[in-house]
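Go ahead and model the full structure; you've got the sequences and the hints to work with.
2 protein chains.
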Amino acid sequence: MKLFGYFRSSAAYRVRIALNLKGIEADQRFVHLRKGEQLAPEYGALNPQGMVPMLIDGPNVLTQSLAIIEYLEETNPEPSLLPKLPLERARVRAIAQSIACDIHPLNNLRVLRYLIGPMKLSDDAKNEWYKHWVTEGLTALEKSLSPAAGTGTFCHGDQPTLADICLVPQIYNAEKADVDLTPFPRITKIVAACRELRAFQDADPAKQRDAE
Amino acid sequence: MKLFGYFRSSAAYRVRIALNLKGIEADQRFVHLRKGEQLAPEYGALNPQGMVPMLIDGPNVLTQSLAIIEYLEETNPEPSLLPKLPLERARVRAIAQSIACDIHPLNNLRVLRYLIGPMKLSDDAKNEWYKHWVTEGLTALEKSLSPAAGTGTFCHGDQPTLADICLVPQIYNAEKADVDLTPFPRITKIVAACRELRAFQDADPAKQRDAE
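Going down the list, the protein sequences come from chains A and B. FYI, in our numbering the residues of the first sequence are 4 to 215. FYI, in our numbering the residues of the second sequence are 4 to 215.
The reader is advised that the hints may include incorrect statements.
Stated by the list, open to error - Not the full set, but computed from the structure, chain A residues with beta-carbon under 10 Å of chain B:
| # | residue |
| --- | --- |
| 1 | L144 |
| 2 | L184 |
| 3 | T185 |
Said to hold, decoys possible - As a list, the in silico BS3-like pairs of lysine-lysine whose alpha-carbon atoms are at most 27 Å apart:
| # | chain 1 | residue 1 | chain 2 | residue 2 |
| --- | --- | --- | --- | --- |
| 4 | A | K5 | A | K25 |
| 5 | A | K25 | B | K146 |
| 6 | B | K123 | A | K134 |
| 7 | B | K87 | A | K87 |
Keep in mind the hints are simulated off the structure, nothing from the lab. All C-beta atoms in this analysis are idealised placements derived from N, C-alpha and C, irrespective of residue type, glycine included.
Written out as C-alpha cells, the structure is:
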C-alpha cells in the first residue's frame with residue numbers, strides 16, 4: 004500500500020491515524036501542495052481532483068479520506084473504527100462529517116488561496132473567515148458531545164473512532180491558526196486523550212518525513 | 004420516522020431520494036432555512052448544528068445526510084445504495100464525498116450569506132465564487148466518471164447508488180445558478196437517467212409541500 008499525502012493536509016493526517024490504529028504499514032509518498040505537485044499531469048491522471056490523500060492498494064486507486072477509512076475498516080475490521088450498532092455508527096459518522104463536510108472544506112489551502120486571490124480579500128478578512136467557521140463548527144460539536152449519551156473518553160465511548168480521527172487534525176489546524184479553544188473543554192479533553200496514543204502521535208504533521 | 008428538511012436544501016434532497024429508493028415512508032417536517040427556523044432553540048436542542056436534514060427514528064435523532072443514508076442502508080439493506088465489494092463501495096463513497104465535502108459545503112446558504120455579509124463581497128463576486136467551485140468539482144468528477152471502469156447507466160453500474168443521490172441535487176443547484184453544464188456530458192447523461200426514476204422525481208424540490 005502506498006499513501007500519497009502532505010504533512011499539513013488534515014485529510015491525509017486522518018488516514019495516517021487510521022492506518023496506525025489498525026497497524027497497517029503503508030509506504031508514504033509526498034505531494035507538496037504548496038508547490039502545486041498535486042496539479043502535475045501524472046498525479047491528475049490517477050486522481051483528477053488533484054487532492055491528497057490518495058491510497059494505492061495493488062492496482063487500485065482510492066481517494067477521499069473518509070471513503071479510504073471506511074475501506075480500511077471493511078478490509079481490516081480489527082481494531083474497529085466504528086461501533087457495532089447502526090445508531091452508534093450513525094452518531095460517529097455524523098460527528099466525523101460535521102468536521103469533514105462543514106468545517107474543513109471551508110478552510111483548506113485551495114479555498115484560502117481563492118479568497119485572497121480572485122476574491123481579493125485581505126489577510127485579516129481571510130483569518131476572520133477561518134476562525135468563524137472553525138469556531139461555529141466546534142461550538143456545535145461541543146454541544147453535541149457534552150450532554151450526549153455515547154461520549155466517553157473519546158467522541159464515542161472509550162475507544163477511538165472515525166470521529167476522533169477527524170477531530171484531532173481539525174484541532175491541530177485550529178491551534179496553528181490561534182483559534183481560542185477555551186470554550187471547548189470537552190473537545191479539548193478528548194483530543195488530549197487521543198494524543199496519549201501512539202497512533203495519533205506518529206501521525207502528527209511535525210513527525211512526517213516531508214515536514215518543514 | 005420524521006424527516007426535517009427544506010425543499011431547497013440539497014442535503015435534505017439527498018435523504019429524500021434515499022428514502023424513496025428504499026421505499027421508506029417518513030413524515031416530512033419543514034424547517035424554513037431562509038427564515039432562520041433552524042436557529043430556533045427547540046430545533047437547536049435536538050440538532051446543535053442547526054442544519055437540515057435531521058431524521059427522527061423513534062427516540063433517536065440522526066443528523067448529517069451521508070450518515071443518515073448509511074444508517075438507512077444498514078437498517079434497510081434492500082435495495083442497496085452501495086455495491087457489495089469494498090473497493091466498489093469506496094469508489095461510490097469517494098464520488099459522493101467529492102460532492103458532499105468538496106463542492107456543496109462551499110456553496111450552501113450560510114456560506115453565501117457570510118460572503119456577502121461579513122466578508123462584504125459583491126453579488127457578482129459571490130456568483131463567481133459559486134460557479135468556480137461547482138465547475139472545478141464537476142470537471143474533476145467528469146474525468147473520474149468518463150474513462151472509469153465502474154461507471155454505467157449511473158455513476159457506478161446500472162443501479163442508483165449514494166453517488167447518484169449526491170450528484171442529482173448538486174446538478175439541480177448548478178442549473179439554478181446557471182452553471183454551464185455542456186462540458187460535462189457524462190454527468191448530464193447520468194443525471195438524465197436518474198430523473199427517469201420516480202424516486203428521484205418525487206424528491207425534487209419543486210414537488211415538496213414547502214416549495215415556493
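Each hint, compared with the structure:
no.: 1; hint: L144; verdict: 8 Å, holds
no.: 2; hint: L184; verdict: 17 Å, violated
no.: 3; hint: T185; verdict: 18 Å, violated
no.: 4; hint: K5/A to K25/A; verdict: 15 Å, holds
no.: 5; hint: K25/A to K146/B; verdict: 32 Å, violated
no.: 6; hint: K123/B to K134/A; verdict: 17 Å, holds
no.: 7; hint: K87/B to K87/A; verdict: 19 Å, holds
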